[in-house]
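Model the placement of chain B on the given structure of chain A, informed by the hints.
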Amino acid sequence: SQTIHQWPATLVQPVGSPLSLECTVEGTSNPNLYWYRQAAGRGLQLLFYSVGIGQISSEVPQNLSASRPQDRQFILSSKKLLLSDSGFYLCAWSLRGAEKLFFGSGTQLSVL
Amino acid sequence: QKEVEQNSGPLSVPEGAIASLNCTYSDRVSQSFFWYRQYSGKSPELIMSIYSNGDKEDGRFTAQLNKASQYVSLLIRDSQPSDSATYLCAVLDYGGSQGNLIFGKGTKLSVKP
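Taken in sequence, the protein lines are chains A and B.
Once you know that position 101 of the first sequence is 101 in the working numbering, the rest is easy, because the numbers rise by one and skip nothing.
Basically the working numbering = 1-based index in the second sequence + 1000.
Treat the hints loosely; a few may be bogus.
[Claimed, not checked] For lysine-lysine, the following BS3-like pairs were computed, each having C-alpha atoms within a straight-line distance of at most 27 Å:
no.	chain 1	residue 1	chain 2	residue 2
1	B	K1105	B	K1056
2	B	K1067	B	K1108
3	A	K100	B	K1108
4	B	K1056	B	K1002
5	A	K100	B	K1067
6	A	K100	B	K1112
7	B	K1112	B	K1002
8	B	K1042	B	K1105
9	B	K1056	A	K100
10	B	K1002	A	K100
11	B	K1056	B	K1067
12	B	K1002	B	K1067
13	B	K1108	B	K1056
14	B	K1067	B	K1042
15	B	K1002	B	K1105
16	A	K100	B	K1042
17	B	K1108	B	K1002
18	B	K1067	B	K1112
[Unchecked claim] A few chain B residues facing chain A, derived, Cβ under 10 Å:
no.	residue
19	V1004
20	S1032
21	S1049
22	N1100
23	K1105
[Claimed, not checked] Computed beta-carbon distance windows for the label pairs:
no.	chain 1	residue 1	chain 2	residue 2	range
24	B	S1008	A	S105	42 to 50 Å
25	A	D71	B	A1017	43 to 51 Å
26	B	S1008	A	Q108	16 to 24 Å
27	A	K80	B	K1112	39 to 47 Å
28	B	K1056	A	P18	40 to 48 Å
29	A	Q108	B	Q1001	38 to 46 Å
30	B	S1110	A	S105	20 to 28 Å
31	A	S29	B	Y1071	36 to 44 Å
Keep in mind that the hints were calculated from the coordinates and are not lab data.
Where a beta carbon is used, it is the ideal one built from N, C-alpha and C, also for glycine.
Looking at chain A on its own, in the form it has when it is part of the complex:
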């Protein structure tokens, strides 16, 4: 069966510090991978998605970036965090197309 791992579960970072969140999927090959953010009082916002190694599509312009160095690994990064980057970050995977998304456990990021 397929599983998705996301870490860390919580993170407190100062403004201006870098960020690296990692997500890995097991039990499937060539999945679509996604990064979402859920800010307080807002819906789930798609940040990035990837259909293959090195292929990244950005949905929202911001100071975040994503990379997919391996088939089942997806990384979310920032060089300098802003206060507005605080939120619940979720990695997700799907088979071809986005019809059924399966989410990781999420990272609660607080930028202070």
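Just chain B now, kept in the frame of chain A:
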């Protein structure tokens, strides 16, 4: 801008009652619709999908779709306290190079014992 709208709630129902959650969407060509349940501090989990007009039942859950009215709903029969969560409506958008889900902000449901 394609949108999915939900009443944020909270919706409070007594245990054993029917909870009715509603969602409207702006893109008339949408064909695929999903309901996710999200417990506080946890990630969303898929509970229902619906693609055709009418009702789709799965245990205590029934999803209803009316494409003409651009309306999708979720009914939870015999509501239990364990159903207390935020319910997210999602619509598949084919506007990009591949389909991506657009989520509503969610309706918070509270089932009182």
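Verification of the hints:
no.: 1; hint: B:K1105 - B:K1056; result: holds (23 Å)
no.: 2; hint: B:K1067 - B:K1108; result: holds (24 Å)
no.: 3; hint: A:K100 - B:K1108; result: holds (22 Å)
no.: 4; hint: B:K1056 - B:K1002; result: holds (25 Å)
no.: 5; hint: A:K100 - B:K1067; result: holds (20 Å)
no.: 6; hint: A:K100 - B:K1112; result: violated (31 Å)
no.: 7; hint: B:K1112 - B:K1002; result: violated (35 Å)
no.: 8; hint: B:K1042 - B:K1105; result: holds (15 Å)
no.: 9; hint: B:K1056 - A:K100; result: holds (17 Å)
no.: 10; hint: B:K1002 - A:K100; result: holds (19 Å)
no.: 11; hint: B:K1056 - B:K1067; result: holds (14 Å)
no.: 12; hint: B:K1002 - B:K1067; result: holds (15 Å)
no.: 13; hint: B:K1108 - B:K1056; result: holds (22 Å)
no.: 14; hint: B:K1067 - B:K1042; result: violated (31 Å)
no.: 15; hint: B:K1002 - B:K1105; result: holds (13 Å)
no.: 16; hint: A:K100 - B:K1042; result: holds (18 Å)
no.: 17; hint: B:K1108 - B:K1002; result: holds (22 Å)
no.: 18; hint: B:K1067 - B:K1112; result: violated (33 Å)
no.: 19; hint: V1004; result: holds (8 Å)
no.: 20; hint: S1032; result: holds (6 Å)
no.: 21; hint: S1049; result: holds (7 Å)
no.: 22; hint: N1100; result: holds (5 Å)
no.: 23; hint: K1105; result: holds (4 Å)
no.: 24; hint: B:S1008 - A:S105: 42 to 50 Å; result: violated (24 Å)
no.: 25; hint: A:D71 - B:A1017: 43 to 51 Å; result: holds (47 Å)
no.: 26; hint: B:S1008 - A:Q108: 16 to 24 Å; result: holds (21 Å)
no.: 27; hint: A:K80 - B:K1112: 39 to 47 Å; result: holds (46 Å)
no.: 28; hint: B:K1056 - A:P18: 40 to 48 Å; result: holds (46 Å)
no.: 29; hint: A:Q108 - B:Q1001: 38 to 46 Å; result: violated (28 Å)
no.: 30; hint: B:S1110 - A:S105: 20 to 28 Å; result: holds (24 Å)
no.: 31; hint: A:S29 - B:Y1071: 36 to 44 Å; result: holds (38 Å)
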